[in-house]
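Here are the chains, one letter per residue:
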Amino acid sequence: MSRQNVLRIKSITIKNFRAYLGDSGPILFSRDINSPITIFHGTNGLGKTSMFNAIHWGIYGEEKKSKDHKIKSEGLVNSYVVDTLEEGDNEEMFVKIQIENQNNDLQYEITRKILLSKEGIGKELVINDTVGGKIPRSVVANSEITFAYKDPDSDDDELIVTSNQFTVSALLKKIFPKATSNFFLLDGELLDEFLNGNNVFVKKGIEDISQLPLLQNCEKQIKSTSNKVGASTTTNRTQYTLTQDRIANRETTKKQCEANLPIVMNEIKELDRSLQDGLKMILKYDEESVRKIQEQIESNKISLKILEENIRTNKKTVQRLVFDNLDKIVMKNAYQSAVTKYKQFQAEKKLPSKFSKDILEQLLKEHECVCGRNLNEDNEAVEKIQDMLSVSYDSTLGHSMNKIVDQTTDIVNDFENDKEIVKEIEECNELISKYRIKRQDLKNMNDDYERELDKVDSKKLEKIRESNEKLSKKLKDANNRKYENDVILDSVNEELVKLNSEFDKIRRLTIKDEHAKNKIQLGEYVQKTLIKAYEQLRKEFVGIVKDKTEDLFMKTAPQAHVFQSISIDENTFAIEANRSDDRDKEISRGQAHVLGISFINAIREITTKNYFMIIDSPFNNVSQKERIDICNQIPTSHKNTQLTLLVTDAEYEADIKKTNLPSVRSTLEKNNSIGCEYNLVQKPHAKIKSEEYFKTNVEEYN
Amino acid sequence: MVVNEKILQKVKELIGDSAPPELYEVFEQILEQQAKYDQMEKEPETVKKFYQGILEINSKNEKIMNYVEKNV
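Those sequence lines, one after another, are chains C and L.
Quick note on the working numbering: the first sequence kicks off at 1 and runs consecutively.
Quick note on the working numbering: the second sequence kicks off at 1 and runs consecutively.
So that you can see chain C by itself, here it is in the shape it has in the complex (with noise of 0.2 Å):
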């Protein structure tokens, strides 16, 4: 790591601002190296953003814009302030920023406000600039601002003191680039465009942050410094004069063309990327394509048709065979019970006797032998009847059921040798089973045909073709600019190589001073080191931020493991992960968002200044168990930054019973992490006929 500058900030006070109604007095920030996250939490709505965007318009004097940003009617300054000003008041709203270093030594403090008089009755809402909203016309809003600065020249703990607001808007963009904001002051949201390529703010942000531009500033001043020495000691001043102006002229257009050449490059790169995709469209979904689609449908159901015929026909048959074969079947059930029963009377010896079961029955009724004599006395005999006709009750049904087996054995046996017709009412309905399937693969395959047809729009077709007609002319425009550039190029640099010499050739001539030799030589040395400084540091830069950003993505990413490596553009700083499968899908927004936080701490470790971090909705689209990675690595990835987040209660306490996970606080809490919280709460104020008014309380949480 580099020697930093650690920024981090002590309080800010709030008045006023949106939900913030009243002075919220000193919130204080933690500025304790090993605990150094504050926590602004509560429930949607209540001011989270409106805190993170009362930072960002006490530095630049205007909200973050966030994605889906909307001109609002309500502006800065809270409506119940607004709304209930009388004729003759004066009101306030402002937002008080307090920055140290490392040392606790006050750096900075920013006071921006907005006055607001009430000069009239009317009450006619005007959008108003300065108030970024609707206020009524009689009230008038202006803004001031203080600064007070620490003078790195002096030793004094005393701070300067200015209101001057060019003078603080010229000192603010020194120390807070816009172009660095991105790096300091997230919103959650915003997190992918350092994908994106066409940023130029992260583009000059790196640069800024990372101080390269330094060096292009001394070599300048330098350069500057050492022609004057020339031109003040040469004997032919208007060839040395004229010289210098051509080279000064040649390196003005070599510079335009190098800029030129990344910005070229990168429209050449988006033109060829929109083309292709209107190609693929079109590809996908031309004439030949739908008419190939519409074939298929309608061979699809041609086959659909023979199937269900093939159905049909296969049901039929085995209607037919089960019907002619009804009796056999039937019967076979009944022939196979006799038989059994059958075989069992037979091994039991109950076949029919000579008495029968009626002349049994008749016996016990009269109770009187076929001889004549009285069957009342003689139980014995009488039981062994019972016995006997209960016999002959078997018997008889063993008879009968003789009689069945001998009449059907013959069909039944039929039915037994014609096993075929068994055999093909199974293959009748396996074919059945196998048409029914085939049947349902191919209506879903014309639904989805369908569908796919659906999509096709032919005047949609049409607008796509034209406008890669457009793209095709502007890719060959930019194709040729680029061709054009080169050649300046080629050529500017050749004309310096000839300029320069000549340009020594007159100075050893025209220079007799040997002390003026010794400045422009000395000149000509640093100029030489310090461009070789920043052609070599701009390429480290680059592998220093790829390899760290590769390392926290590889660690923190959600589903990690299908990226290989991340790869990062030299000239436009657009972060890519490279996927290491070979499938054509994009990076989520989950893995989007861990990107840009790998991202913006990579960048950390080429930088001079140790800003503050703030990040609304840091957890926004992001998996419990990304969060808790994320927390997890923030005291290494978050090393001597002073970290605020401005969380939802619902990210925050995350339900552990419905994810298994612990939650963002307790985690951050494990790893000793919070410094500060708050929690900001929302409570009635006031009502004022149906209009009720809400105040928003930043309280300490214990």
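Bear in mind the hints are in silico, worked out from the structure with no lab data behind them.
Glycine is no exception: its CB is placed at the ideal position from the N, C-alpha and C atoms.
A couple of the hints might just be wrong.
Per label pair, the in silico range of CB-to-CB distance [as the list claims (entries may be wrong)]:
#, chain 1, residue 1, chain 2, residue 2, range
1, L, Gln52, C, Asn621, 53 to 61 Å
2, C, Ile488, L, Glu32, 35 to 43 Å
3, L, Gln52, C, Asp89, 53 to 61 Å
4, L, Glu32, C, Gln239, 31 to 39 Å
5, C, Asp649, L, Glu32, 43 to 51 Å
6, L, Gln52, C, Asp192, 46 to 54 Å
7, C, Ser580, L, Glu32, 22 to 30 Å
8, L, Glu32, C, Lys123, 55 to 63 Å
9, C, Asp89, L, Glu32, 49 to 57 Å
10, L, Glu32, C, Gly61, 27 to 35 Å
11, C, Val497, L, Gln52, 28 to 36 Å
Derived pair list, reagent style PhoX-like, types lysine-lysine, alpha-carbon separation capped at 20 Å [unchecked claim]:
#, chain 1, residue 1, chain 2, residue 2
12, C, Lys517, L, Lys63
13, C, Lys532, L, Lys70
14, C, Lys305, C, Lys443
15, L, Lys12, C, Lys528
16, L, Lys70, C, Lys505
17, C, Lys96, C, Lys178
18, L, Lys48, C, Lys220
19, C, Lys228, L, Lys48
Given chain C, work out where chain L should sit, using these hints.
Chain L alone, transformed into the frame defined by chain C:
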């Protein structure tokens, strides 16, 4: 004013180990002063005088000039 350590290291690397320490100090002074100028608004005349002074003084330093002459 803090100058990126990596920039200073790079300059050291480019001028080489055998360079007189005074030469490294020239770069250090230039970078630190320019960093201050970049941060705070300064009169162009102040900046001009600083650079003139740097070249004026150090071009008289034999150690620096001998080294520069060999390496330019």
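Each hint, compared with the structure:
no.	hint	result
1	Gln52(L) <-> Asn621(C): 53 to 61 Å	holds (56 Å)
2	Ile488(C) <-> Glu32(L): 35 to 43 Å	holds (37 Å)
3	Gln52(L) <-> Asp89(C): 53 to 61 Å	holds (58 Å)
4	Glu32(L) <-> Gln239(C): 31 to 39 Å	holds (37 Å)
5	Asp649(C) <-> Glu32(L): 43 to 51 Å	holds (48 Å)
6	Gln52(L) <-> Asp192(C): 46 to 54 Å	holds (49 Å)
7	Ser580(C) <-> Glu32(L): 22 to 30 Å	violated (46 Å)
8	Glu32(L) <-> Lys123(C): 55 to 63 Å	holds (58 Å)
9	Asp89(C) <-> Glu32(L): 49 to 57 Å	holds (51 Å)
10	Glu32(L) <-> Gly61(C): 27 to 35 Å	holds (30 Å)
11	Val497(C) <-> Gln52(L): 28 to 36 Å	holds (29 Å)
12	Lys517(C) <-> Lys63(L)	holds (16 Å)
13	Lys532(C) <-> Lys70(L)	holds (18 Å)
14	Lys305(C) <-> Lys443(C)	holds (11 Å)
15	Lys12(L) <-> Lys528(C)	holds (14 Å)
16	Lys70(L) <-> Lys505(C)	holds (19 Å)
17	Lys96(C) <-> Lys178(C)	holds (19 Å)
18	Lys48(L) <-> Lys220(C)	holds (11 Å)
19	Lys228(C) <-> Lys48(L)	holds (11 Å)
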